[in-house]
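Turn these sequences into a full structure, and let the hints steer you where they fit.
Residue numbers (this note's numbering), protein chains in the order written: chain A, 4 to 381; chain B, 43 to 323; chain C, 8 to 367.
Honestly, I wouldn't trust all of these hints.
[Said to hold, decoys possible] FRET-style restraints, in silico, Cβ to Cβ:
{"hint": "1", "chain 1": "A", "residue 1": "A17", "chain 2": "C", "residue 2": "D216", "range": "49 to 59 Å"}
{"hint": "2", "chain 1": "C", "residue 1": "R340", "chain 2": "A", "residue 2": "A17", "range": "38 to 48 Å"}
{"hint": "3", "chain 1": "B", "residue 1": "E152", "chain 2": "A", "residue 2": "T88", "range": "23 to 33 Å"}
Derived from the structure by calculation, the hints contain no laboratory data. On a predicted model such as this, the values are computed, not experimentally measured, just so you know. In this text, a Cβ means the ideal position worked out from N, Cα and C, and glycines have one as well.
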Amino acid sequence: MTTLHMDKISKVYAGASERAVDAVTMHIEDGEIVALLGSSGCGKTTTLRMVAGLETITDGEIRVGNRLVNTLKPSQRNVAMAFETYALYPPLRVRENIAFGLLRDRVASAEIEKRVKRIAAMLEITDLLERYPPSISGGAQQRVSLARALIRNASVYLLDEPMSQLEPQLRAVLRARIKHYLIAGKMTTVCVTHDQTEAIGLADRIAVMEEGVLQQFATPIDLQERPANLFVASFIGEPPMNLFPAVVQGETVAVLNESQEVAFHVPLPPSGATSRLGDGRRVMVGVRPHKVHVGPGEAVEGSALVGEVTSNHWLGDNCHIGFRTRGCFVIAVGDRDVAAPLGSQIPVTIPSDAVNIFDAETGVAIQHGLNPAVLTAA
Amino acid sequence: MNGKSVLRAVALTVIGLFFLFPLFWVVLMSFMTNADILRIPPSPFFTPTLHNYTALVSGELVTNVGTQKVTYMLNLFNSTVLSAFSVILSLILAVPAAYAFARYKFRLGEDIAFTLLSFRFAPPLLVLLPLLLYFQSMGLYDTYFGLVWVYQLITLPLVLWIVRGYFEDVSEDIELAYRLDGHSWLSTFLRISIPLARPGIAAAALLSFIFAWNNFIFALILGSSRIQPVTVGAFAFVTASAIEFGQIAAALVFSIVPTLVLAIFTQRYLVEGLSLGAIKG
Amino acid sequence: MPFLEITGLKKSFRNHEIIRDLSLDMERGEFLVVFGPSGCGKTVLLRLIAGMLRPDAGDISIDGQSVTEVNPEYRDVGMAFQNYALYPHMTAFDNIASPLRSRHVKEAEIKARVNETARMLRIDHVLDHLPKALSQGQKQRTALARSLVGRPSVVLLDDPLRNVDAKIRYEMRFELPRVLRGFESTVIYVTQDYKEAMALGDRVAVLVDGAFRQIGSPLDVYDVPSTMRIARLFGDPPINLVPVHPVTANAGIEINVAGATVRLPPDGADFAGRECMFGIRSENVAVSLEANDGIPVTLDAITPLNNRVVMLLRGAEGTELFASCPQGGPMDRLRGQYQAWAKLDLAHAHFFDRGDGVRI
Chain A
4 MTTLHMDKIS KVYAGASERA VDAVTMHIED GEIVALLGSS GCGKTTTLRM VAGLETITDG
64 EIRVGNRLVN TLKPSQRNVA MAFETYALYP PLRVRENIAF GLLRDRVASA EIEKRVKRIA
124 AMLEITDLLE RYPPSISGGA QQRVSLARAL IRNASVYLLD EPMSQLEPQL RAVLRARIKH
184 YLIAGKMTTV CVTHDQTEAI GLADRIAVME EGVLQQFATP IDLQERPANL FVASFIGEPP
244 MNLFPAVVQG ETVAVLNESQ EVAFHVPLPP SGATSRLGDG RRVMVGVRPH KVHVGPGEAV
304 EGSALVGEVT SNHWLGDNCH IGFRTRGCFV IAVGDRDVAA PLGSQIPVTI PSDAVNIFDA
364 ETGVAIQHGL NPAVLTAA
Chain B
43 MNGKSVLRAV ALTVIGLFFL FPLFWVVLMS FMTNADILRI PPSPFFTPTL HNYTALVSGE
103 LVTNVGTQKV TYMLNLFNST VLSAFSVILS LILAVPAAYA FARYKFRLGE DIAFTLLSFR
163 FAPPLLVLLP LLLYFQSMGL YDTYFGLVWV YQLITLPLVL WIVRGYFEDV SEDIELAYRL
223 DGHSWLSTFL RISIPLARPG IAAAALLSFI FAWNNFIFAL ILGSSRIQPV TVGAFAFVTA
283 SAIEFGQIAA ALVFSIVPTL VLAIFTQRYL VEGLSLGAIK G
Chain C
8 MPFLEITGLK KSFRNHEIIR DLSLDMERGE FLVVFGPSGC GKTVLLRLIA GMLRPDAGDI
68 SIDGQSVTEV NPEYRDVGMA FQNYALYPHM TAFDNIASPL RSRHVKEAEI KARVNETARM
128 LRIDHVLDHL PKALSQGQKQ RTALARSLVG RPSVVLLDDP LRNVDAKIRY EMRFELPRVL
188 RGFESTVIYV TQDYKEAMAL GDRVAVLVDG AFRQIGSPLD VYDVPSTMRI ARLFGDPPIN
248 LVPVHPVTAN AGIEINVAGA TVRLPPDGAD FAGRECMFGI RSENVAVSLE ANDGIPVTLD
308 AITPLNNRVV MLLRGAEGTE LFASCPQGGP MDRLRGQYQA WAKLDLAHAH FFDRGDGVRI
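This is how it looks when you write it as structure tokens:
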């Protein structure tokens, strides 16, 4: 129902020299689902808490809708929050916990009844409605906390690590149902997570953070195909991106193997973004495992190599193949089963349009495939 | 927010002074003559004298009415011996017992543990008279051995309960890992379980030493002046002619010293537990 | 002669049977993965093999000798724990050296072997650190080194990657087999992550409710799960399970899935009339936005998952189905609700008896 704007918000804790959150700017559309993604300590939870009003804002402005909320108390901001620590009310039953916010907003009890039933079915906690929080498992408590936040009519929904304690089998199922619920209800949502799989599954756009600084704010596809720097490139994706050190050599980039010898060359496109860096300049070459082409077949424009298969893991709906080529270890992912027995030699191609090139010192992206990297404002 | 923190600092200082003041005044008193102590109004300014300390150490109290023998040094020695041996005996008995209670769930385990703790609840006066009769008939009256044995009522439950908690916190996986490495049970107990529970053992030893040191009634009844500790010995200063406050103060200062030394020595073990961090495995 | 032989193992706690009649044979040098949901008894099983617990019944033999009555220190078993269980008051070097010190190996040889093992696991530069100064990944490798350095007959790895972050966890899938091959150890690896189980094991033993319900290759447990429960444990999103009642009609068998009639290939003759659960994995459900002869559904949500796209479908009668397809297709950029048609690849259909969950 509302937009959310964060303009250069920063947080410095009393007595600290570093900024926990450093000048983060994000503009979130009405009904958009955004994930704040990063490892622990990167500032994502602090950012969320500033939006909620649980932390003071050292610098910058936060607007919910068009209202400036910097000085408003949490209860005045009309935000719903699901806490990482669940924070359920122990003396109330699960049903009453979930309905709590609606009771406060004075919604009709028949309507409350209907909504509680619907959301309990969605999160698979119907059997637990009459129980008390201390008697149910951590994963169940987390779902109750989530239900309590999602059932409300709020301007913005803030979810802090909403699925970290769930059993693995439930995650994909609940992710899909929650996404449907959020989109159908046009709910502007900000979700904090350290799990990039969760972020990619749920969010329209993902804000990757590290050490308080926003690294990139883009759609999952953009993060995968056009990562802004090495951090984003190596954080996103399972399996993680194959990364090799390399040097610029004229119109190509020479990839170095583990013994610092040249393993293979990657031809550069005529746009020249990389070759302009000059000969001998150190770079990092990255290619996602899904883009590494295994086996013969259609002519793929790129570096053709022969690899020796060292591992072939079939995971049911795809397979992860590890192979060594000229001293480099590369992981490729293929659909279904690929016939590649251990120790066999297979032809492998690294397509030129799937190669990402980063500056070795700054980590900033120089080139994505055939196009130079564009520094996008968040 | 400055007003708040200034107010807080003032409040803390006042409270601190309130509690530390008696201690401070006792130390001052130990350097004063009786006349200075009893002067009204009391004043922190005086000429210090070592007269009180020398009287204690030399064993003679020179007063207006004559010289009196003072056996305070013997009392100090007795206190140290009694408390130290009590604590050592308790550690030898209770540390392995604490391990058993922590690791093995046996029938009536909790009941036995609680019974041992309940000894601390019972007022000593309840058992003193029968105990005196037993001691006399067994020949334990007025012996160090007898008193150390009785002191176990004070020290043993304390060591057992404190150390049991610490053993429970040591991860069983770490002990299993050491066994799988090829070490025997005893080796595991000595090289893994005890070192990791060291903060608890140190805390328990210190606490029981203090409790044993402070005991008054057992020592008063079950022994003669030969083995009496400082708690009883302090009464000697209440003479027929006067109460020698100066000597009492000096005696008190002396009595704090062994416990203080022990506390400083064990302090590093108490802090060590917090920094290792990995006690939970 | 199997190298590790477990027969009829039973263990209960307070009248609660945790391990029920469990049996297992392993060859020397084999890498077996024990996979199961939480609470299935994995930790108790490892402790029984290690010797920390005594079984109520049954026998465990290593290399032909029964070890059921033998104390842990004499069983020649190495173990790496989920929480590492490193000795916090000893350096990484001393932690790893511990199994060698107990056997009174000479100090010079200890140094050589510890350094060699540490080099293989890439922790040779932190050997003088205390555990509290090591990162999670380094702690896990130290625990691993300690379990391997004594070259024990059997190595037990209790979900060692559980508390390690996702990137390192993935790397170890490739590194662990490489390291273990260097030690020629017989390994039991316990995990709750099905992908790890399928990637690492020669064989996967699925432990559910205290006994092995299926022991087979990753292909066996994924394509031919012996029970419904096992089918649900492998695959993300989990296998779609729909209760059906097959009837013979039109010279074949037909079932009703999400309000639509689906004809089965004729060899499913022996379960007509039985109450069944029909199982089909998400990768075998093809979704199209253009009308075809598939089941009409609404496409409720599209969630990317690694290099695939998972779709939540809702059919008639509220039946929920999951479909997945590789990324890079038309489904990638959809958002919201759509009318769609789902076609099922019946070559990969599973049928289970609705009562006991066993495969038909």
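Structure-based check of all given hints:
1. Remark: the range hint 49 to 59 Å for A17 of chain A to D216 of chain C is upheld by a beta-carbon distance near 53 Å.
2. In this structure the supplied range 38 to 48 Å holds for R340 of chain C paired with A17 of chain A, their Cβ-Cβ distance being about 46 Å.
3. Taking the beta carbon of each, E152 of chain B and T88 of chain A are about 32 Å apart, inside 23 to 33 Å as hinted.
Going through the hint list in order, the structure satisfies each hint without exception.
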